[in-house]
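Respectively, the protein sequence lines represent chains Z and V.
Just so we're aligned, residue 145 is where the first sequence starts under the working numbering, counting upward by one.
Just so we're aligned, residue 17 is where the second sequence starts under the working numbering, counting upward by one.
For the record, the hints were derived by calculation from the structure and aren't laboratory data.
Positions of the beta carbon are idealized from the N, C-alpha and C atoms, including for glycine.
Certain hints may be false.
In silico negatives: residues of chain V with every beta carbon more than 10 Å from chain Z [said to hold, decoys possible]:
hint	residue
1	24
2	41
3	45
4	59
5	82
6	97
7	109
8	112
9	123
10	155
11	163
12	168
13	172
14	173
EDC-like, lysine to aspartate or glutamate: derived pairs with alpha carbons at most 20 Å apart [said to hold, decoys possible]:
hint	chain 1	residue 1	chain 2	residue 2
15	Z	249	Z	218
16	V	151	Z	291
17	V	105	Z	362
18	V	151	Z	367
19	V	105	Z	299
20	Z	249	Z	291
21	Z	203	Z	167
22	V	105	Z	302
23	Z	249	Z	237
24	Z	228	Z	207
25	Z	228	Z	218
26	Z	249	Z	272
27	V	165	V	183
28	V	105	V	183
29	Z	249	Z	233
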Amino acid sequence: MPSESRDHAEPRWIDATPRVSGEPMEQLPLDLYIPADALAIWLEQFEGPLDLLLYLIRKHNLDILEIPVARVTEQYLDYLALMKSMAIELAAEYLLMAAWLAEIKSRMLLPPEPRQDDEEEPLDPRAELVERLLEYERTTRAAAHLDERSRRERDWFDLSIEPPERLPAPPVPADLAGLIAAMQGLLREGSVRRAHHVRAEPLSIRQRMTEILDALIERPRCDLAEIFRAEEGRMGVAVTTVAILELSRTRAIDWTQEEPFGPVTLFRVTGEQEDETDTMETRDDRPSDE
Amino acid sequence: MTDHPTSEPPAGLIELIEALLLAANEPLSLQALGIMVGQETSAELIEAALDRIGARWEAHRFVELNARQLEGRTVWQLVARAAVAPYLKAADPGRAPRLSRAALETLALIAWRQPITRGEIEAARGVAVNPQILKLLTERGWIRSLGVKDSPGRPEMLGTTRQFLGDFGIDSLDELPDFDRFAGQDDIDV
C-alpha cells in the first residue's frame, strides 16, 4: 500500500484570486460590503509569508533564482493591503517579510559590497531569501509526500484479536518425531480414550424428603444416623443432607442435638413450638419467615 | 505436513495463519510466520495459505489482507479498509482528525530534519509554531523530545517515533526520500 513511489505532487496551491466573469479581481469594488471574516478562509490557505511569496512567484511564473524583487515586493504589499482592508489581523511574520523584501530591494539598487575574500562572486542580496524559499518549497513537498502515504487511522485500520497474554509466540522447541512418539505412547496407554456412561440419577432429593417425612409419621423422633444409608456412599449423604435442610427450610421438620458431637435427633414440627435448647448452628441461617 | 502438496494448504493452517495475523498486532513476514507455525511447514505452503486468506477477504468491503515491503521483506497484515472510517468517526468525531498543511509541514520538518528545535521549524516555515500542532503530533504518538540542544536557551529537540514509522508505513527513516529530492529542479529550469 504505501511504498509505491509516486512522484511528489505539486504543492497544493489553489489559484485563490477571485474572478468576476473570468477576469481576476485583485481590487475590491469600493461599494461592496464583505463581512470582515469572509476572506479569512482565503488567507488560511497561506501558511505564512514564505508560502504567500512562493504562491506569487509561481502564479506569475517567475524564476525563483532570479526573483524580480521590485515586482514581487509590490505584489506582496498589495496583497497585505488587501488583507488589511479586510480587517484581517496580520501576523507579525508577514510584516517582517515585507520589511525584508524592502531591504533586499534597496540593496539591489546599491553597488555590491566587496567581499573580504574576493575569490567568489559578490553576494546576491536575494541569496538568503532564495535559499529560504527553496527550503520551504522542499518542506511543502515533503509534507505532501507524507500526506500521500497510506496512513493508519485514515487509509487503513488495525484489526486485532487480543491474545490472552501479550507475549511473542515462542518457537516450538520439540521436533515432530518427538511429538509423534509422545502421542503414540499416550494412545498405547489408553489414557486418552475412556468410556463415559451417562446414567440416570439413582438418588432423588424429593424421594428422600418423602422417605424422611414418612419415617417421622411412624414415630415422632428419629435419629439422624438411621436416615443415612451406608451403601449409598457420599452421594447418599449429600442427598439426605440436602433433603433434611429442604424439609427444615419449609418448617416440616426440625432437629436437636443434646450435646456437642452427640447424636442429632430429627422430629416433626407440629403446631406448638418446642423448647429449643441446643440446636445446630445452621438454624441461625434460616429465614425467619414461616 | 511436509508431505502435503504445496498447492493445497490444509484448512487448519489457513485458519491458524489468519488468527496469527489478527493476534500479532503487527505485520508478519513469511519468516515470522514460519517460526510461529513451526519450521517443518514449508514457506511455499505458508505462501499458499496467505493466498487463500487474501482471496477469502477479497470480496469483503471492509477488510483486506494487506501485503507490503518492510525491511526488504514482504509482510502481511489483516486490516480494515478506509471505508470503515466514517463509521468509526460517527461515534468519535474527534478521532484521527485530518491533518492541516501546517501540521503536515511541521511533521515533515521533524521527520526529515530531526533532531530539530522549535526555532528551526519556525525559521524553515517562516511562521511561529502553533503549540496545538505540536500537541496534536505528540498525542498521535508521532513525535517526541530528543532532549535539549546544548546551545543558549537549551531548546528542546524533536524527533519522530516508531509509531510514526508504523502509522505511515515507513520501514525506517532511511527509507524516506532524500529531502533534496523535493527540490523541484524541473520547475526552475522551465
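Hints and how they fare:
1. The beta carbon of residue 24/V is kept farther than 10 Å from every beta carbon of chain Z, the shortest such distance being approximately 20 Å.
2. Not every CB of chain Z lies more than 10 Å from the CB of residue 41/V, the least distance being 5 Å, so the non-interface label is violated.
3. For residue 45/V, the requirement that its beta carbon stay farther than 10 Å from each beta carbon of chain Z is met, with the minimum near 13 Å.
4. Under the 10 Å C-beta cut-off, the non-interface status given to residue 59/V relative to chain Z holds; the minimum distance is some 16 Å.
5. With a minimum CB-CB distance of about 6 Å to chain Z, residue 82/V fails to clear the 10 Å threshold, and the non-interface call is violated.
6. Against the 10 Å criterion, residue 97/V falls within the reach of chain Z, whose nearest CB is about 6 Å from its own CB.
7. Remark: the non-interface label on residue 109/V is consistent with the geometry, its nearest Cβ contact in chain Z lying 14 Å away (cut-off 10 Å).
8. The claim that residue 112/V is not at the interface with chain Z is violated, since a C-beta of that chain comes within 10 Å of its own (minimum 4 Å).
9. Listed as outside the interface, residue 123/V is inconsistent with that label: its C-beta sits roughly 6 Å from the nearest C-beta of chain Z, within the 10 Å cut-off.
10. No Cβ of chain Z comes within 10 Å of the Cβ of residue 155/V; the nearest lies about 12 Å off, and the non-interface call holds.
11. With a closest Cβ-Cβ approach of about 23 Å to chain Z, residue 163/V is found to remain outside the 10 Å limit, as its non-interface label requires.
12. Chain Z leaves residue 168/V outside its interface by the beta-carbon criterion, the shortest separation being 22 Å against a cut-off of 10 Å.
13. Listed as outside the interface, residue 172/V is consistent with that label: its C-beta sits roughly 20 Å from the nearest C-beta of chain Z, beyond the 10 Å cut-off.
14. Here residue 173/V stays apart from chain Z, with its beta-carbon at least about 18 Å from theirs, past the 10 Å limit.
15. For the hint pairing residue 249/Z with residue 218/Z, the CA-to-CA distance comes to about 10 Å; that is within 20 Å, so the pair holds.
16. Between residue 151/V and residue 291/Z, the direct Cα distance comes to roughly 19 Å. Compliance with the 20 Å bound is thereby established for this hinted pair.
17. Between residue 105/V and residue 362/Z, the direct Cα distance comes to roughly 77 Å. Violation of the 20 Å bound is thereby established for this hinted pair.
18. In summary, the hint linking residue 151/V to residue 367/Z is not supported, as the alpha carbons are separated by about 81 Å, beyond the 20 Å threshold.
19. Taking the CA atoms of residue 105/V and residue 299/Z, the gap is near 13 Å; set against the 20 Å cutoff, the hint holds.
20. About 36 Å separates the Cα atoms of residue 249/Z and residue 291/Z, which puts this hinted pair outside 20 Å; it is violated.
21. At most 20 Å may separate the alpha-carbon atoms for a hinted pair to count; residue 203/Z and residue 167/Z meet this at roughly 15 Å.
22. Proposed proximity of residue 105/V and residue 302/Z is supported: the alpha carbons are some 15 Å apart, at most 20 Å.
23. Proximity of residue 249/Z to residue 237/Z is assessed by CA-CA distance (about 18 Å); at most 20 Å being required, the pair is judged to hold.
24. In summary, the hint linking residue 228/Z to residue 207/Z is not supported, as the alpha carbons are separated by about 28 Å, beyond the 20 Å threshold.
25. Restraint check for residue 228/Z and residue 218/Z: satisfied, since their Cα atoms lie roughly 15 Å apart, inside the 20 Å limit.
26. In summary, the hint linking residue 249/Z to residue 272/Z is supported, as the alpha carbons are separated by about 13 Å, within the 20 Å threshold.
27. Proposed proximity of residue 165/V and residue 183/V is contradicted: the alpha carbons are some 27 Å apart, above 20 Å.
28. With a C-alpha separation of about 18 Å, the suggested pair residue 105/V and residue 183/V falls inside the 20 Å cut-off, and the hint holds.
29. A distance of roughly 25 Å separates the Cα atoms of residue 249/Z and residue 233/Z; the hinted pair therefore is violated under the 20 Å criterion.
Hints 2, 5, 6, 8, 9, 17, 18, 20, 24, 27, 29, counting from the list given before, are not met by this structure.
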